Amino acid sequence: MSDIYIAILGGAFLTYITRIGGHLILSRFENIHPRVEAALNAVPAAVLTTLVAPAALTQGWPETVALIAAALAAMRLPLLGMVALGWAMIVTLRTLAG
Amino acid sequence: MNPDFLSGARRAIPIILSAAPFGLLFGALAVDNGLSVFQAALMSASVYAGASQMVGIELFGDHAAAWVMAVSIFVVNLRHLLYSATTGRHFGSYSTLQKAAAFFFLIDPQFAETEREVEKKGGFSFAWYMGMGLTFYSIWLGFTLLGALFGKLLPDPKPWGIDFLLTIYFLGLVMSFRKRPFWLPVVIVSAAASVLAYKAVGSPWHVSLGALAGVVFAAAFGVERKADV
Chain Z
76 MSDIYIAILG GAFLTYITRI GGHLILSRFE NIHPRVEAAL NAVPAAVLTT
126 LVAPAALTQG WPETVALIAA ALAAMRLPLL GMVALGWAMI VTLRTLAG
Chain D
39 MNPDFLSGAR RAIPIILSAA PFGLLFGALA VDNGLSVFQA ALMSASVYAG
89 ASQMVGIELF GDHAAAWVMA VSIFVVNLRH LLYSATTGRH FGSYSTLQKA
139 AAFFFLIDPQ FAETEREVEK KGGFSFAWYM GMGLTFYSIW LGFTLLGALF
189 GKLLPDPKPW GIDFLLTIYF LGLVMSFRKR PFWLPVVIVS AAASVLAYKA
239 VGSPWHVSLG ALAGVVFAAA FGVERKADV
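Just so you know, the protein sequences line up as chains Z and D, in that order.
The numbers in the working numbering rise by one with no breaks, and the one at position 2 of the first sequence is 77.
The numbers in the working numbering rise by one with no breaks, and the one at position 194 of the second sequence is 232.
Any given hint might turn out to be false.
[What the hints assert, rightly or not] Here are the simulated lysine to any residue pairs, SDA-like style, with alpha carbons at most 25 Å apart: (1) D/217 / Z/131; (2) D/137 / D/127; (3) D/158 / Z/109; (4) D/158 / Z/167; (5) D/237 / D/127; (6) D/137 / Z/91; (7) D/237 / Z/169; (8) D/158 / Z/150; (9) D/217 / D/261; (10) D/159 / Z/167; (11) D/196 / Z/148; (12) D/217 / Z/148; (13) D/217 / Z/108; (14) D/196 / Z/167; (15) D/217 / Z/169; (16) D/158 / D/196; (17) D/237 / Z/148.
For the record, the hints were derived by calculation from the structure and aren't laboratory data.
In this text, all values refer to a predicted model and were calculated from it rather than measured experimentally.
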């Protein structure tokens, strides 16, 4: 088997380990400690924030402004409405920024 | 067909359409870096995690050793350990085989939408979960193939903001969890840590490092104090 297949299937195997591993570790414990519970409840916000923050702060002013506007819109609009508004903003602002 | 399955599939469609450009891009870049169309598709079908696939083909283009590629994919995907521990709590009633299958499909948007569903309805069925998972999976694979086959014809996505859709969607998800206890401190810590890591170490390590900072912070300071009886 050539190297690329070892890399792909090895990467796939290791990725599956990450997807099942957290659960396997956690299920060894009878009770979940309150600290672990608090940590797990923070996972969605923590991970998703890291996918947004560098883009918001390092790409340029149109990206920063569009994301601030979208975050405010999210207080009122459903998710898809907020994405549509953010999308309209980024296209407009990038055009303005040239 | 099972109505839960269909409702999960319907939930997936608008989301995967904002991720589809990245599937196209991955397919195109994979072929550009020397993978065959089959190998690009195999990677999407088996690794099934966009950012780590990009890192993998980048390394392949640089003639890295196979084990370096595999381990790098692993490191980029370490955040799934957190998803697995978090969402596994809702798989209680599944059989072992159902769990083994469900965990394979636990990618970023699958995780986020599942947690959103728990927030809204308190739980979800296996059929709903798989309806969403299989929809994400088949469209990701389909767009990888399209990108691998026709990548050279792709226009520049930037003027149309396509490259930014997923970022806006992820921000919407962050906001949708704002009612959780300790939400704002976690967002601030993760944001600061990820930007620091982005500048100091570079992408994609800022994801794992930033997330770890927020989660550890929540464990240290985010335990709700129980009122005295």
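Against the structure, the hints come out as follows:
{"no.": "1", "hint": "D/217 / Z/131", "result": "holds (22 Å)"}
{"no.": "2", "hint": "D/137 / D/127", "result": "holds (11 Å)"}
{"no.": "3", "hint": "D/158 / Z/109", "result": "holds (22 Å)"}
{"no.": "4", "hint": "D/158 / Z/167", "result": "violated (33 Å)"}
{"no.": "5", "hint": "D/237 / D/127", "result": "violated (35 Å)"}
{"no.": "6", "hint": "D/137 / Z/91", "result": "holds (12 Å)"}
{"no.": "7", "hint": "D/237 / Z/169", "result": "holds (24 Å)"}
{"no.": "8", "hint": "D/158 / Z/150", "result": "holds (16 Å)"}
{"no.": "9", "hint": "D/217 / D/261", "result": "holds (15 Å)"}
{"no.": "10", "hint": "D/159 / Z/167", "result": "violated (37 Å)"}
{"no.": "11", "hint": "D/196 / Z/148", "result": "holds (23 Å)"}
{"no.": "12", "hint": "D/217 / Z/148", "result": "holds (16 Å)"}
{"no.": "13", "hint": "D/217 / Z/108", "result": "holds (22 Å)"}
{"no.": "14", "hint": "D/196 / Z/167", "result": "holds (12 Å)"}
{"no.": "15", "hint": "D/217 / Z/169", "result": "violated (32 Å)"}
{"no.": "16", "hint": "D/158 / D/196", "result": "violated (34 Å)"}
{"no.": "17", "hint": "D/237 / Z/148", "result": "violated (29 Å)"}
Violated hints, listed in ascending order, are 4, 5, 10, 15, 16, 17; each of the other numbered hints is respected by the structure.
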